[in-house]
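These protein sequence lines are chains W and G, in that order. Counting in this note's numbering, the first sequence runs from 1 upward without gaps. Counting in this note's numbering, the second sequence runs from 445 upward without gaps.
Some hints could be false.
To be verified - Have a look at the derived ranges for each label pair, beta carbon to beta carbon:
{"#": "1", "chain 1": "W", "residue 1": "192", "chain 2": "G", "residue 2": "599", "range": "54 to 60 Å"}
{"#": "2", "chain 1": "W", "residue 1": "78", "chain 2": "G", "residue 2": "650", "range": "31 to 37 Å"}
{"#": "3", "chain 1": "G", "residue 1": "484", "chain 2": "W", "residue 2": "194", "range": "18 to 24 Å"}
{"#": "4", "chain 1": "G", "residue 1": "650", "chain 2": "W", "residue 2": "259", "range": "44 to 50 Å"}
{"#": "5", "chain 1": "W", "residue 1": "200", "chain 2": "G", "residue 2": "814", "range": "46 to 52 Å"}
{"#": "6", "chain 1": "W", "residue 1": "74", "chain 2": "G", "residue 2": "516", "range": "32 to 38 Å"}
{"#": "7", "chain 1": "W", "residue 1": "395", "chain 2": "G", "residue 2": "857", "range": "47 to 53 Å"}
{"#": "8", "chain 1": "G", "residue 1": "723", "chain 2": "W", "residue 2": "78", "range": "53 to 59 Å"}
In short, the hints are calculated from the structure, not lab data. Being a predicted model, the structure only gives us computed values, none of them experimental. We treat Cβ as the ideally placed atom computed from N, Cα and C, and that holds for glycine.
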Amino acid sequence: MGLSSEEIRAVLNQVLDFSSAEETEVSLLVSQEVITRYTGNRIHQNMEEHSQVLRVRVLCDGRMGSAGTNRLDSESLLETLEKAETMAELAPPQEEPIGFCGPEELYQGEPGDAHDALNSYRAAGTIREISERARANHMQAAGTLALSKQLLGIGTSRAGAAVAQSRANKLTVLAENPALGTSGWASVMAEYPERLPGEWAAEEAVRRASYTPENKELAPGAYPVILGPDAAADILTLLAVSCFGAGAYHAGSALTSGKMGEQLFGGNITLKDDPRDPRGCRTRMDYDGVPRQRVTLIDQGVIKGVVYDRETALPLGEKSTGHAQPRPALYLAGPQANHLFLSAGEYSGKELLEKMGRGLYITRFQYTSLVDPVDLTISGSTRDGTFWVEDGEIAHALPDLNFRTSLVDLLNHVKGLGRDPLLVPGDLGGVHTPELYCEGFRIN
Amino acid sequence: MTENKIAGWALNVCEMEGAAYSDVRVIRKQREFYAQSSGKISALTAEETRGIGIRVLVDGAWGFAAAADLSKAGVEETARRAVKVGKASALAQPRKVILGYAPVVEDSYETPCEIDPFEVSPDRKVALLLEADQAMRRDSRVKSTAGTMEFILRDKFFASSEGSRIYQKITESGAGMTATAVGDGDVQQRHFPTNLARQQGTGGFELIEDLDLVGNAPRIGEEAVRLLTARPCPEGKMDVIFDPTLLAQVMHEIAGHNTELDRVFGAEIAYAGGSFATPDKLGAFRYGSPDVNISLDSTFPGGLGTFGYDDEGVPAQKTDLIREGVLVGYHSSRETAPLIGRDSTGCMRADGFNRYPIIRMTNIFLEPGDWPKEELIADTQNGLYLCVNKSWSISQMRDRFQYSAEYGYEIKNGKLGPMVKNAAFSGNTVDFWRSCDGVADGDSFEVYGLPFCGKGEPWQGGPISHGCSPARFRNLKVGG
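Between the sequences and the hints, there should be enough to build the whole structure, so can you do that?
See below:
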């Protein structure tokens, strides 16, 4: 890691000292990543990056401007501050500027424990073991091992500086079985790299690629389905993005708009965003400097909350829940829920299959896309382990299927949830979800 | 030149540490970004980053490291890390990488730019976005609007251990806007000019003036409102003419990505998927009808994928991908091209100093046919004219697709009829391109730039343009 938390504080304080603006906010994100990609049992891309991004926002007479740099010498800091002030001078005044994080709002905790160095040799060793496992089964392995750690510092002229660390480690394994023309998949995420179960993921991907396929076409229509954790995580992420950010909710364009307290989903659906849960990859502070809070989004099917940043909360008299994104956003502006936890159920994987009896098992989706925000119709296809279930057991692999189905409909027909949730890769903290058995999954 | 000196420090260390090949990119990126959300300025920012990316080939395996530190000690440390990463890669590298040909070049290149966007006052840019917002919101059913404007300057210096030294200065400008209408139990959006985030190209502020955001804004707001009560799109198999605002995205997903040679060889298989367009099909496989001619051209003036040299120092070029319906070429690199016995088509790009270059589309074009657009519509008895991509889902091997369009019109007896909404269509990639029986002529040819096509891990946004005229596809499955 390039800078310690104390060095980050020093840079933040230097910018705040330099600034003559009415209000100033400075963020500094320092990160280190090792990302190793492999295909055909060989590494084809391997990289290590040390980066730092500093952004300044200033408020002068109700006018806001911002600027950024990755250079931290005094001259660059001053230049960046001046650019932000110039932009602010040219901005239209805001009617009621909310200003930046105050002392009562700023994260007050410790930065977090010290980081170990990331190790590209250890990463390559893990990939070699996975590849050997695939090769021993006459398969080809592909995927990514991404190790990352970050220190985020936020300072404001009203509140001083705070620093918080986070880390996220992800492993994906795709096993391709040329003999059968099938593929299998497993993905895992963990806050600490040593907790990534590489051996399990390799074994699971190989197992899923080992089912004999039957190339029979399924008639379009609605089918019972068990969604594996990756497939479930995909739809939960779409649900969170489209329905549980305060921006869309208060603009009236979200399915949940004006429906707080209403039952929109089945009684067995409870979804939370919890950046503090140690089962996920924790992040302590958002990009406003506010401590990240747990928010219950859906409680037994009832809409219970949406996530806020300061910008969406304060004008409405609400409190930020600590879900601010980096600004400016490349896309998906506004607060986002990205540490999702779906409450588990009571069934083992085997029991879920037995309960469904006959239907589909879907490991993973490809290119899910929101078609209709009114009933959350999504389209996409399945991949890397789509199975036909007969008599409560996986009978054979199926070719990939196209689907077009309503999430509202699907989440009102959940017939059972697994009891062994997994943390699978997601945007920030990952998605912690069990398998989901639903009825009415529409393939086309 | 300072960059040359910096690159020299890195190349020396790479060689001393045992790299057989190394290349270095020293990049300064300047960016301005403006955004409005329902009349409030949500972004008004100026950024500048600088750094170095070092790629090495050691023991037949790739290593890459990047850092912002451009001091001699910092650059040398980053170079040592790149070699260390390469040596780690060699642990799982049963087949050694062999690099194909690239000319050794000393050159410079600059994209044309009539009006330097960084010299245009930010308040003029903000005023344009806010005037467009007002003009979109004349009807109270337009509940929210958004607008963005982006300007990027990339100063790029490339140096390789083979001796190339290339300086490039690439300027991009772009803008776009969206109106969201809510009412009658429905939510509908209209994007301008497409939903590809913005209309962006290489060039200066003249591109923003040509877009005429304020002049188009009332129409975009009105169309979003009209969609609330528009009739649902009919379902069934029918003939469809695609407007360039939609066909650009279709080409992107089921012709462009399919012909990226790294994807074909499995580099993206675990992430965004592979491609059915494998090299055994090259030169023989009928990908589309004889009306389908698709090429890449990184020399096209004003295109967002226009440059002088790619990030391996390979010159920009024009190459056929599909000629008279037959698969004839790929987007390729120095590593992948030799695997099919060819030279690189110059498509390696990274979206920053800190990203590993990967194969990207550049500017891809469906070449114009000989139908005047009006005659193509007049020749269609019953069907649809569909505009602007709304959603898309592509199968793992890109052999099947599902799309929906933002809006469209029925075609009845050769004439455009009422507006329709929620038009979804799906099909098989090859059947789709083979069903193309008419491409409009160059008079209706339009080029749209997508500022960030996502690919790779870590995610990289690639700037790409797509050009086409309206084209007709027979007997397409429309509806759920």
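Do the hints match the structure? See the list:
As the Cβ distance of residue 192(W) to residue 599(G) is approximately 40 Å, the hint placing it in 54 to 60 Å is violated. The hint said 31 to 37 Å for the Cβ distance between residue 78(W) and residue 650(G), and at roughly 33 Å that hint holds. Taken as a hint, the range 18 to 24 Å is violated for the pair residue 484(G) and residue 194(W), whose Cβ atoms sit roughly 46 Å apart. Taking 44 to 50 Å as the suggested C-beta distance range, the pair residue 650(G) and residue 259(W) conforms, at roughly 47 Å.
A beta carbon spacing of about 59 Å between residue 200(W) and residue 814(G) contradicts the range 46 to 52 Å that was offered as a hint. In this structure the supplied range 32 to 38 Å is violated for residue 74(W) paired with residue 516(G), their Cβ-Cβ distance being about 20 Å. Residue 395(W) and residue 857(G) have their C-beta atoms about 51 Å apart, which keeps the hinted 47 to 53 Å range intact. Between residue 723(G) and residue 78(W) the beta carbon distance is about 55 Å. The supplied range of 53 to 59 Å therefore holds.
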